[in-house]
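Number of protein chains: 2
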Amino acid sequence: MLNEFKSQKDKELIADWDALSRIFIRPENKATRATLVKYMEQILFGLHSFLNKNVGITQEISLKKLSEQFTDTHLNKHPEKKLKDVISCLIENIAPHAVNVASPYFIGHMTSAIPFFMVHLKTIVSALNQNVVKLETSKVVSVIEKQVLAKIHRLIYSNTDMFYQDHVQNTVSSLGVFTEGGTTANLSALWVARNQLLKPIPGFEGVEIDGIAKAYAAHGLDECFILVSKRGHYSLRKAAGVLGIGNKHVIPIDVNLKHQIELTHLMNTINEIKRNPRKAIIAVIGIAGTTETGSVDPLRQIGEICHQHHIYFHVDAAWGGPTLMSEKYRHLLDGISLADSVTIDCHKQFYMPMSCGMVYFKDPYFMNAIEYHSNYVNRMGSVDLGIKSLAGSREAHSLILDCAIKIMGTKGYALLIDYGIELAKKFAQEIEKRKHFRLITSPELNILTYQVCPESLQLALLNTTVEEKKQINATINELNRSVQRIQRESGKSFVSRTVLTAHRFQDGFVDDVVVLRCVLMNPMTTITIINDILNEQEAIFHQLQHERTDPCTLVKEN
Amino acid sequence: MLNEFKSQKDKELIADWDALSRIFIRPENKATRATLVKYMEQILFGLHSFLNKNVGITQEISLKKLSEQFTDTHLNKHPEKKLKDVISCLIENIAPHAVNVASPYFIGHMTSAIPFFMVHLKTIVSALNQNVVKLETSKVVSVIEKQVLAKIHRLIYSNTDMFYQDHVQNTVSSLGVFTEGGTTANLSALWVARNQLLKPIPGFEGVEIDGIAKAYAAHGLDECFILVSKRGHYSLRKAAGVLGIGNKHVIPIDVNLKHQIELTHLMNTINEIKRNPRKAIIAVIGIAGTTETGSVDPLRQIGEICHQHHIYFHVDAAWGGPTLMSEKYRHLLDGISLADSVTIDCHKQFYMPMSCGMVYFKDPYFMNAIEYHSNYVNRMGSVDLGIKSLAGSREAHSLILDCAIKIMGTKGYALLIDYGIELAKKFAQEIEKRKHFRLITSPELNILTYQVCPESLQLALLNTTVEEKKQINATINELNRSVQRIQRESGKSFVSRTVLTAHRFQDGFVDDVVVLRCVLMNPMTTITIINDILNEQEAIFHQLQHERTDPCTLVKEN
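Chains as they are written, first to last, in my numbering: chain A, 1 to 558; chain B, 1 to 558.
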């Protein structure tokens with residue numbers, strides 16, 4: 001069979017069958033073996049030296065200029081490059097225009113440095129190339145996945161030994177599932193919650209089979225709602241859209257000054273909905289680490305309210321979940337064990353490479369509400385993990401998490417968590433010391449928001465009319481947009497910005513505020529680096545002030 | 001800050017801050033550098049020698065015994081193992097119980113060997129750790145993703161240069177999106193299709209905002225349907241369940257003897273639904289490579305029917321899509337360019353590591369129907385790829401595909417595709433030569449199904465009553481379950497089995513048939529290996545026959 005293709009003789013690249021075959025056989029002779037290992041060295045260390053050289057975010061090239069270089073849309077028929085040239089090109093030409101998320105000066109997002117062994121673990125997973133949709137393409141890896149899920153379930157719910165003995169390798173029950181990320185983890189949880197509420201009743205086979213329209217008719221409903229604070233992640237609205245509930249039925253509940261859900265508003269909303277028998281609540285969501293401010297909702301109280309009203313309680317702990325490993329700070333998540341389901345991201349504070357999420361269920365049979373079978377895989381009674389999962393074919397992320405925990409211990413993770421929270425507190429103190437800065441949200445976990453805010457404007461805000469306050473606030477907002485953009489473009493450091501909608505000030509004044517947002521998860525970020533970043537922002541502010549006297553006009557739209 | 005942790009002195013593992021810091025810094029001294037590279041060598045070649053030693057599927061240990069070893073559900077507080085021990089353990093203890101999907105004797109599923117350079121590419125992506133949800137954590141990688149999407153879009157739709165110039169780097173339009181796999185690609189397509197049909201009209205903001213119940217009321221509908229052949233992938237039912245349409249509204253259309261959709265049945269079903277103004281069709285789906293039989297639906301005809309009736313046309317080419325790169329066989333997918341959307345999997349016939357899918361849209365503005373924004377990312381008008389995507393944070397799979405195509409050329413891929421299709425044809429010929437085998441579905445692409453079927457029973461099936469046919473068929477089904485199980489457990493080779501529901505025989509007799517199913521995608525699989533596999537099956541059959549004379553009783557339930 002192989003001979004058929006041997007006539008073609010373009011030896012250079014993979015244009016004939018011979019060359020093609022070689023790429024499927026890992027070479028056994030010393031020279032080629034050494035070459036392949038050298039490529040790995042190039043990847044591990046060549047990229048690293050780029051990362052060291054470019055402490056900032058990216059080389060200064062505008063997005064427009066950059067994208068102009070990537071407009072050829074023809075597929076190459078013949079091979080263009082050898083592996084080594086592809087690797088060199090990635091390291092020399094692409095990496096410098098990627099974002100150095102590993103820089104300790106990159107503190108704007110939830111993507112950061114990862115321990116270098118994670119790259120090794122990811123490499124193993126890809127070399128094994130198991131597909132955990134079914135046992136026949138994963139075997140032991142499916143078994144390990146169930147074990148890891150039980151370990152993290154235990155971290156959240158602390159059930160009895162007996163409980164975990166029963167369920168760890170149980171082929172009928174499921175303690176949770178790995179997902180592509182927090183978005184699909186939240187979607188999976190709300191999918192289960194929707195199906196729990198709109199369950200089968202006589203004459204109706206359940207929402208999964210019959211659909212939402214018939215479900216509402218059968219259950220005598222017009223509308224169903226999901227309740228979450230104003231700081232809820234946008235994936236929750238998306239999930240409601242996908243699930244056919246409609247994203248306007250995600251009701252944003254007010255937050256207090258600490259950006260935690262207002263329990264009174266929550267209870268009033270629940271009571272108002274319940275007064276109408278044609279309305280129902282699919283789930284109330286508590287957040288353990290809001291994306292924008294790192295705030296943690298009062299989980300225990302929300303759990304108790306949900307219990308009292310028989311409402312499904314989901315906790316979005318995509319960010320904050322791993323705090324449970326810190327003996328010092330796990331109390332911040334008190335009450336999480338009351339949740340019917342919990343989302344945690346692995347590529348966030350488990351420091352795994354992109355991208356991996358998880359969702360856990362208190363009741364090991366809840367996921368039966370989303371069970372799917374087929375004739376060739378996921379047959380009834382099989383151990384196939386694909387039976388209860390939004391995704392089909394899936395990478396064995398669980399193996400990475402399992403190994404990472406073995407290497408780090410929960411104590412290793414706790415050191416990282418504690419460092420981040422305490423660094424954030426010191427960061428806040430630095431801001432309070434500086435007269436042209438204002439802290440907007442104190443860090444509860446390791447996220448904080450603040451503004452560059454000239455002392456004069458801070459004073460002006462105090463005693464004036466609401467109308468003038470709005471105007472001053474707008475000026476401050478513009479100023480912060482400018483400072484963030486200029487700092488980002490200068491390429492040394494990166495903080496992000498967001499808008500806290502309807503932010504309530506101490507004096508009761510409410511308006512949208514543009515804030516600078518920092519996420520302290522990189523253990524290489526020190527207070528010295530933070531001061532560098534603040535100094536740069538202050539210098540940009542003074543430069544802007546110097547250029548234009550009226551701060552209202554100093555800003556170019558970004 | 002660092003000093004606070006220095007008092008703890010468990011030097012061995014990552015129990016103190018010093019040790020912890022080191023895992024974030026790639027070491028620069030020669031010795032440690034050499035160690036890290038050695039680990040990579042261990043991964044690349046240690047795993048490989050396992051793969052060579054274990055030609056079969058796994059070592060013989062029962063699932064029960066295996067899972068008994070993975071029942072400890074306590075998280076270790078202190079580190080358990082060093083990286084090198086974790087790697088050794090994975091290679092020595094875990095890999096032998098994983099599934100050797102790379103074996104040329106593993107021809108049962110769509111997971112197979114991958115070119116070894118894919119592991120290098122995956123390593124690069126994980127070392128860069130870009131998050132393509134937003135430009136601020138990916139920059140050039142987002143730009144490359146748009147370019148790759150345009151290239152594959154062109155492969156499917158062959159639009160004009162002008163079209164691709166307009167859209168390749170357009171920040172408002174989208175030619176497609178990368179997903180976790182085919183399941184979420186199909187879900188994304190049907191999400192768009194649902195939102196297209198149940199679009200905003202006066203007094204109604206669209207299904208995404210208002211939900212399905214209100215959408216049906218506004219559009220005057222009771223039920224919506226999705227039409228796909230009986231061979232449709234189970235992800236389509238799952239998508240209908242998730243999207244609130246209800247999976248019973250996925251109507252299975254009959255197939256012909258070649259397991260392609262019956263156009264008459266399709267048209268009749270469309271007409272019947274359209275006669276009722278309170279019913280509508282969300283999408284008709286054509287399949288380019290059914291999971292079970294590799295059949296390709298008559299895409300052009302389906303496309304024309306959809307065009308005529310103004311129905312959204314989706315093609316599930318998760319398996320068959322890359323056939324478009326073969327000049328010899330791309331005609332099999334004729335008409336795919338009529339599709340409103342197309343699913344293609346990268347971890348299938350693009351030979352990428354687990355897991356990655358893609359979905360493409362003919363109209364670059366269709367994806368606006370699933371657009372989401374937030375205050376801190378995915379702002380209006382930004383280039384952030386997360387605006388139109390089911391997932392949030394995402395790995396930069398696109399970089400792997402881009403590099404792989406550069407290394408292979410479409411011609412390299414075409415060699416693989418052609419080889420698989422032609423090997424499948426020879427496989428079919430081998431089956432036809434053997435008197436105790438029966439070919440059930442001839443390969444259209446590189447998938448075929450067959451049965452071990454004693455000559456006597458084949459003859460007996462020909463001229464008898466329907467009742468007796470059913471009984472004989474049941475016997476054959478049991479026999480094939482046994483053969484597949486025994487072969488799998490003996491560990492040398494693996495073919496899968498499935499049930500073709502309501503399979504129509506040549507003589508018009510209809511019943512469920514249990515078949516052996518083979519997927520020919522590994523270029524290391526030769527006709528000699530296939531004969532080994534068939535010989536083993538024949539030997540198992542004779543052994544079974546020898547043990548029990550009555551084939552009806554020879555079978556133990558699997």
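If you are wondering where the hints come from, they were derived from the structure by calculation, not from laboratory data.
A portion of the hints provided could be inaccurate.
Identical copies go unnamed one by one, so any copy, or any two together, can satisfy a pair.
Said to hold, decoys possible - Below, computed lysine-lysine pairings styled on DSS-like, alpha-carbon distance capped at 30 angstroms:
hint	residue 1	residue 2
1	K82	K362
2	K38	K77
3	K279	K84
4	K84	K230
5	K362	K230
6	K199	K84
7	K279	K248
8	K426	K38
9	K65	K82
10	K38	K406
It should be emphasised that the depicted structure is a prediction, and the values quoted were computed from it without experimental measurement.
Against the structure, the hints:
Proximity of K82 and K362 under a CA criterion of 30 angstroms is satisfied in neither setting, with 50 angstroms inside one chain copy and 33 angstroms between copies. Proximity of K38 to K77 under the C-alpha cut-off of 30 angstroms is restricted to the intra-copy arrangement: shortest distance 28 angstroms within a copy versus 36 angstroms between copies. When the C-alpha separation of K279 and K84 is checked against a cutoff of 30 angstroms, the pair qualifies neither within a copy, at 61 angstroms, nor between copies, at 57 angstroms. In this assembly of identical chains, the alpha carbons of K84 and K230 never lie at most 30 angstroms apart, being 49 angstroms within a copy and 46 angstroms across copies at closest.
Proximity of K362 to K230 under the C-alpha cut-off of 30 angstroms is restricted to the intra-copy arrangement: shortest distance 25 angstroms within a copy versus 36 angstroms between copies. Proximity of K199 to K84 under the C-alpha cut-off of 30 angstroms is found in neither arrangement, the shortest distances being 56 angstroms within a copy and 50 angstroms between copies. For the identical chains of this complex, K279 and K248 are neighbours both inside a copy (14 angstroms) and across copies (25 angstroms), given an alpha-carbon limit of 30 angstroms. When the C-alpha separation of K426 and K38 is checked against a cutoff of 30 angstroms, the pair qualifies neither within a copy, at 43 angstroms, nor between copies, at 40 angstroms.
For the identical chains of this complex, K65 and K82 are intra-copy neighbours only, at 27 angstroms inside a copy versus 45 angstroms across copies, given an alpha-carbon limit of 30 angstroms. For the identical chains of this complex, K38 and K406 are neighbours both inside a copy (28 angstroms) and across copies (20 angstroms), given an alpha-carbon limit of 30 angstroms.
Hint compliance for this structure: hints 1, 3, 4, 6 and 8 are broken, all remaining hints hold.
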